Amino acid sequence: MWKWLHPYAKTENAYQLCLTLQPWLWVGALACLLIGSVWGLAFAPQDYQQGDSFRIIYIHVPSAILSMSTYVAMAVAALVGMVWQWRTAYMAMIAMAPVGAVMTFIALFTGAAWGKPMWGAWWVWDARLTSELILLFLYIGVIALYGTFEDKQQGGKAAGIMALVGVINVPIIHYSVEWWNTLHQGATISKFDNPSIAPEMLWPLLVNLLGFALFIAAVTTVRLRNEIIVREMHRPWVVKLAQKGEK
Amino acid sequence: MNPRRKQRLAVVGIIVALVAGAIGLMLFALNDSIDLFYTPSEIIEGKNGQKPQVGQRLRIGGMVVPGSVSRDSQSLAVRFDLIDTGPTVTVTYNGILPDLFREGQGIVATGVLSAEGQIKAQEVLAKHDEEYMPPELAEKMKGIKHVNPNNASQNGSGEG
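Sequences listed follow chains A and B, in order.
Mapped onto our numbering, the consecutive letters of the first sequence carry residue numbers 126 to 372.
Mapped onto our numbering, the consecutive letters of the second sequence carry residue numbers 9 to 168.
Chain B extracted, bound-state conformation (with noise of 0.2 Å):
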């Protein structure tokens, strides 16, 4: 490489590498506000010193604790415990449930936390992990029967 060509490919070089530190910085920065939702442990034993305050507008994810679903046989009402590594948070929602949503399944919700590990959901979402296999594979590996999600909500063991 030529004099001229190394300078310029150093030129060009530092001036990514500046850049990227910056939007390093400014990503390192903002962490805490990327992240989709809280946890449960983190919305009882607080974030980096913060708790949630009561009545503040959050979203929460984490595992619906098998066992925990419980539903309103007059109405679309259900409550469900979460929980992550720690402690458990209550959630109450009004409305339809995706397909995905049963026991064991990690959810996010969005809502207001109402009181003390309580929170008043509006919107409910499921989150999937990354694994994908046939059913048959999937009952011999985790032991999971094989729910079809078009009717996960009258086989699946979410009936409380």
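The shape of chain A in the complex, shown without the other chains (with noise of 0.2 Å):
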């Protein structure tokens, strides 16, 4: 069943994939995010408690969501990397590390703004806020770990246990605001049979998170292909790469 994904082990097959794939990827996340953006901004109807602000959504829970999908894919990455032994996996979660801690660090910053005027404050110690602060971190651990091996074999690896043993933080996250009570809401989209918001403020968010995902993927196809670039400098086929010159 997973026979197709077996050549793109090999560093050169995933590297033409990246940038196969790259166009595409850049055209759809620069579209969805124009038109999520301007619809949810501009066009959606104000919110019945509070008004205009419940704007920053748009953003807000894309990035929020994305979080931890992105940490949930570097995860499986690392599993990937560690079960078959792909050194082309490692190098995926690896790329995928810091853009996931810019989307976590957008959340947070999001929240904080959000919070203040709705809330009162920008930052309470509840459950939610907390674990997600949390994620933060641990996508900081993993970029730090990677960085203090002069081995980069090595590094993914340590790296990647730290990945794998953190995934325990996503179910956390999202249950946290059902186990515990806290100053954040509930769920308001994940509950797909009935979301608790009006369809025409609901389909511009859904457009800007498949934004935000393709541009998450986007950004995540070319750390990829610089990745492996600079892991395989001394590879023959980066060598002539390089001697073909920048085409």
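It is possible that some hints are incorrect.
[Said to hold, decoys possible] Only pairs whose alpha carbons sit at most 30 Å apart, straight line, appear in this in silico BS3-like list of lysine-lysine:
{"#": "1", "chain 1": "A", "residue 1": "135", "chain 2": "B", "residue 2": "14"}
{"#": "2", "chain 1": "A", "residue 1": "282", "chain 2": "B", "residue 2": "14"}
{"#": "3", "chain 1": "A", "residue 1": "128", "chain 2": "A", "residue 2": "282"}
{"#": "4", "chain 1": "A", "residue 1": "241", "chain 2": "B", "residue 2": "128"}
{"#": "5", "chain 1": "B", "residue 1": "128", "chain 2": "A", "residue 2": "277"}
Read the hints as simulated data drawn from the structure, not as lab findings.
Nothing here was measured: the structure is a model prediction, and the numbers come from that model.
Mind docking these for me? Both chains are given alone in their own frames, and the hints should help you get the complex.
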């Protein structure tokens, strides 16, 4: 079933795949982000309680959801690297880490900016906010641990263990608002059968969610290509690529 | 899958399961401390057999009882009752309330338990729910008149 994936364990094939996917991902990401943001920020109706302030949801919710999904993707890559001993998987993992960290930071920052006018506080140590902050620390930990190793192969393995163990935090973030009482409100759109948001407000949110996902994928392909080139600098195919010039 | 991969998968699985178990037990043990606030009935009746002491600093979260808000006309002092499912707790506060504060709204207040069922708050935060809808729909579905947060304190029903 997974046979189609096997050729991409070779760095050269993975590099080519990134190169092919990249333009599509960029075009899709920019189109979705543009449509979703303009629709959400300018044309969606005001909220009955929060007025225009609720519009930060169009940045906050996609970045928060995808900070968690990116972490899961990173952990899956680490698992593949560990069990099947694919070096490329570790490279993909480390390519995703800073992107996810930035998403987490955006989620925390927009959350603070939203919390101040609505709740009355930038920050509260409730379970949701604290576990999301721990997610940021996990990302930073994975990046830092990888950076401390001279031998990137060893670094990938060590950071991979950390990424994999840290995945336990993801369900904690998701269920924090149900398991404990928090200032943060419950889930809005992950109740797929019956999201508690009006459809004309939900659609731009979903478009932006897709836009953020494609954007993360696009940045990841660029970073993965760079990682492959740096790590495989002395391989014949990279040398040949360099001699061909910037094509 | 060849046996070596199977073995590695098992080792990784066991490690993750063990760590997950350890963290699960830790969170379970810390359960009460992770809760952000006491509910009014927990303050009156106690939580897991422990009642908060008078003089204790704590947070309370509940719904503002409609009709209970009374403001001092000379200062920012305000008092209101909070309720969840059982008895009410009276909160006194001297300061600016958040825009979303109104009767029927969930709020979280930090303060000191000054007497049985009495809290002197230093900070009042508004909690909002996860529902988002345009004003017209809210009026139709819930009978809520649209209140712009910017002038909520003028035309809200919170004037006592």
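Hints versus structure:
{"no.": "1", "hint": "A:135 - B:14", "verdict": "22 Å, holds"}
{"no.": "2", "hint": "A:282 - B:14", "verdict": "18 Å, holds"}
{"no.": "3", "hint": "A:128 - A:282", "verdict": "24 Å, holds"}
{"no.": "4", "hint": "A:241 - B:128", "verdict": "22 Å, holds"}
{"no.": "5", "hint": "B:128 - A:277", "verdict": "57 Å, violated"}
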